[in-house]
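There are 2 protein chains.
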Amino acid sequence: MKLDELYSGLTLETKAKLALVVLDGLGDLATMGQGEMTPLEAARTPNLDALVAAGCAQGRMTPVAPGITPGSGPGHLALFGYDPLEYTVGRGVIEALGLGLELKAGDVAARANFCTLDRKGIVTDRRAGRIETRACERLCGLLAAKIKRIGTAQVILKPGKGHRFVVVFRGRGLEGPLADADPHRDGLPIPQAKPLDAASAKARKTAELVAAFYAEALPLLARESPANGFLMRGIAHRPDIPRFEERYKLKAACLAVYPMYKGLAQLVGMHKIEGPQTLAQQFDRYVAEYDRYGFFFIHYKRPDMHGEDGDFEAKRQAIEEFDAALPRLMARKPDVLVITGDHSTPCAMKGHSWHPQPVLLHSAVSGSDKLDRFTETGANLGSLGVFEAKYLIRLMQAHARMFDKFGA
Amino acid sequence: MKLDELYSGLTLETKAKLALVVLDGLGDLATMGQGEMTPLEAARTPNLDALVAAGCAQGRMTPVAPGITPGSGPGHLALFGYDPLEYTVGRGVIEALGLGLELKAGDVAARANFCTLDRKGIVTDRRAGRIETRACERLCGLLAAKIKRIGTAQVILKPGKGHRFVVVFRGRGLEGPLADADPHRDGLPIPQAKPLDAASAKARKTAELVAAFYAEALPLLARESPANGFLMRGIAHRPDIPRFEERYKLKAACLAVYPMYKGLAQLVGMHKIEGPQTLAQQFDRYVAEYDRYGFFFIHYKRPDMHGEDGDFEAKRQAIEEFDAALPRLMARKPDVLVITGDHSTPCAMKGHSWHPQPVLLHSAVSGSDKLDRFTETGANLGSLGVFEAKYLIRLMQAHARMFDKFGA
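Just so you know, the protein sequences line up as chains Z and C, in that order.
Okay, so the first sequence: first residue is 1 according to our numbering, each after it adds one.
Okay, so the second sequence: first residue is 1 according to our numbering, each after it adds one.
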């Protein structure tokens with residue numbers, strides 16, 4: 001028997017409320033330069049401290065596998081309980097989700113960027129001098145006005161920042177991944193986007209579609225400036241992922257501000273709640289929607305942004321902002337509350353990392369690990385140990401008393 | 001190479017003595033109502049403390065998988081090192097073992113209970129008003145006297161408590177699981193016990209056997225009271241599990257008082273030692289049998305019973321009773337001693353739970369985790385970390401120096 005089948009077979013429908021608060025990039029490193037403290041350790045967190053005193057279990061979560069630094073896609077898929085090695089989501093799909101496009105299962109998406117080509121079709125600047133967003137929008141508009149379909153497939157274009165945009169092909173029987181239509185350096189022609197799996201008829205069909213798109217689009221750009229060509233990378237289809245609600249018997253809501261996280265939540269079938277722009281507003285909205293859902297994913301971006309900047313002080317303040325807002329969430333305490341990150345973003349590294357993120361779990365049956373605070377160092381001593389992120393929601397379900405006993 | 005093959009290939013025969021003392025349901029939660037203490041933390045345990053002071057490794061064990069609450073069957077199979085997802089043991093088999101029936105591989109067992117039927121065969125009371133054990137014994141005797149065999153299969157009946165009994169079919173080519181011959185509510189006829197896997201010829205044969213048993217048995221009960229029918233559930237065969245002695249190169253003895261645990265030990269081929277009724281007697285018997293076996297499974301039921309009752313004080317006392325008896329075991333110290341549970345049974349939950357149970361391991365090479373006592377909170381800090389129960393005996397073997405080096 002597979003473990004997921006065991007979980008599914010034991011799952012009971014309950015009225016429990018589960019809340020997963022993701023402080024993006026929360027985990028950090030205690031480095032000498034910062035008084036041997038992490039931002040979470042340095043932050044004043046009276047409300048979090050009170051929660052810990054009320055009885056919590058702590059531990060650390062390996063986002064994907066030891067040593068693997070996840071992007072937002074695999075990081076969140078794992079958090080949502082989907083093994084990111086089993087459910088791979090291509091870069092094009094992530095980029096499309098990040099731009100707020102609502103993809104359907106089977107849609108093929110590609111990251112694209114405008115470039116310059118010489119008369120022989122050789123790439124002379126892969127980013128066309130990093131053209132301005134406004135120019136990108138104009139060129140996308142030009143293509144979108146002329147190309148609505150290729151064969152039976154619908155073509156959707158969405159400009160991003162600078163030279164970047166996204167192309168989505170929506171039709172039957174398409175499949176990625178394809179090799180990049182990008183030479184990855186200047187001085188070469190645009191290669192054909194060939195199927196990575198030559199045996200896949202769907203991928204071959206998709207490759208023909210991309211070639212046909214190029215054949216129609218390049219002539220439209222031929223006399224344009226500052227870019228007269230484009231490259232496509234990470235060409236992949238939106239995989240068909242088991243829906244959250246079926247998997248967990250929990251109707252789920254997403255309270256995120258950034259499109260990428262809304263997109264990732266939507267990928268697993270969560271309902272997007274639009275409107276809130278600050279964490280305080282997100283928590284208030286959680287309270288307002290409390291009766292309508294069983295599971296709430298609440299995403300807070302700031303800690304990751306400041307970690308990426310290497311700005312210790314700003315990351316500490318972001319955590320304090322979270323702490324100040326926490327009582328709004330606790331106005332209607334969920335039956336199971338988890339506070340964690342999707343990965344670590346240590347200030348000292350100015351980027352995502354593989355270091356297991358700290359996790360706090362509070363429920364009527366979490367017991368107490370007798371720790372004073374929620375910190376990386378404290379979490380090392382907790383009863384949850386170090387575990388893989390893909391088990392987090394299963395643990396939350398257990399604490400919500402959603403699992404029947406296994407065997408007699 | 002599979003991990004089990006690696007372990008087997010490296011296993012050496014030694015004269016080491018390994019003892020696994022299972023305090024059933026030992027793990028608990030530190031809750032505010034009990035001064036933020038678990039029964040293990042609240043108990044006075046001078047002998048256990050002395051053992052810890054002598055140098056022990058501690059950790060916590062996930063009984064099956066994160067969030068999964070095991071029954072005694074999967075809990076003990078995992079403790080014995082058999083993945084309970086690979087070796088599933090049906091409810092009927094567990095019930096039969098619990099009544100002390102010695103099942104052979106391939107035996108099909110069902111939980112049964114007497115019920116009342118109206119003239120049309122509709123179930124009017126699934127438990128026949130919860131008839132007395134004496135009435136159950138009489139009705140089982142009546143059936144057993146008339147039905148010895150169905151076709152080539154032997155039929156074994158054993159009464160349990162109240163309306164409950166067990167039916168075992170012993171013959172060639174039988175296999176479960178079958179759907180229940182139980183409508184699960186009153187007002188419906190007894191459904192046929194159909195194979196869950198319709199493709200299994202053995203299961204189809206077993207379903208015919210069950211139908212033939214009903215055809216012979218129901219007429220015998222037709223004029224009886226207080227019950228005139230019966231239902232059968234959890235119809236499954238005893239799986240063929242690799243024998244403990246072959247798997248570990250350890251001749252194993254079971255020192256348990258309750259039939260269920262003797263049965264589970266026997267399922268993997270341990271030798272049952274009968275006689276002892278108290279933990280002190282079990283430890284004395286261990287000393288007496290020391291030279292005859294390499295592995296001792298010593299099972300102590302009390303902590304689980306009191307946990308199920310939510311009786312913190314009684315669970316604490318049960319642990320103190322264990323501590324008082326411990327010197328009897330230490331009269332002939334095993335080379336490797338493990339003290340743990342099969343799962344947690346937190347008083348606050350009045351039932352089994354998924355919370356990893358604490359583990360203590362003492363050997364000449366366990367080193368010291370420098371902890372003062374053996375407790376849940378202490379075990380969180382131990383060198384064993386949080387690990388899956390199925391690795392426990394492998395760890396014990398390692399500490400017994402039973403594994404050769406892997407590779408050069």
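Simulated from the structure, these hints should not be mistaken for lab results.
Please note: incorrect hints may appear among the correct ones.
The list cannot tell twin chains apart, which means a pair is met if one copy fits it or any two copies do.
List of simulated lysine-lysine pairs, DSBU-like, C-alpha gap at most 35 Å [to be verified]: (1) Lys120 to Lys161; (2) Lys146 to Lys202; (3) Lys333 to Lys249; (4) Lys301 to Lys370; (5) Lys205 to Lys17; (6) Lys158 to Lys205; (7) Lys17 to Lys148; (8) Lys350 to Lys148; (9) Lys146 to Lys350; (10) Lys194 to Lys249; (11) Lys120 to Lys251; (12) Lys15 to Lys301; (13) Lys405 to Lys194; (14) Lys272 to Lys202; (15) Lys146 to Lys405; (16) Lys249 to Lys405; (17) Lys272 to Lys350; (18) Lys161 to Lys104.
Violations among the numbered hints, reported as their numbers in ascending order
Numbers 5, 7, 8, 9, 11 and 15 - these are the hints that the structure violates, sorted from lowest upward.
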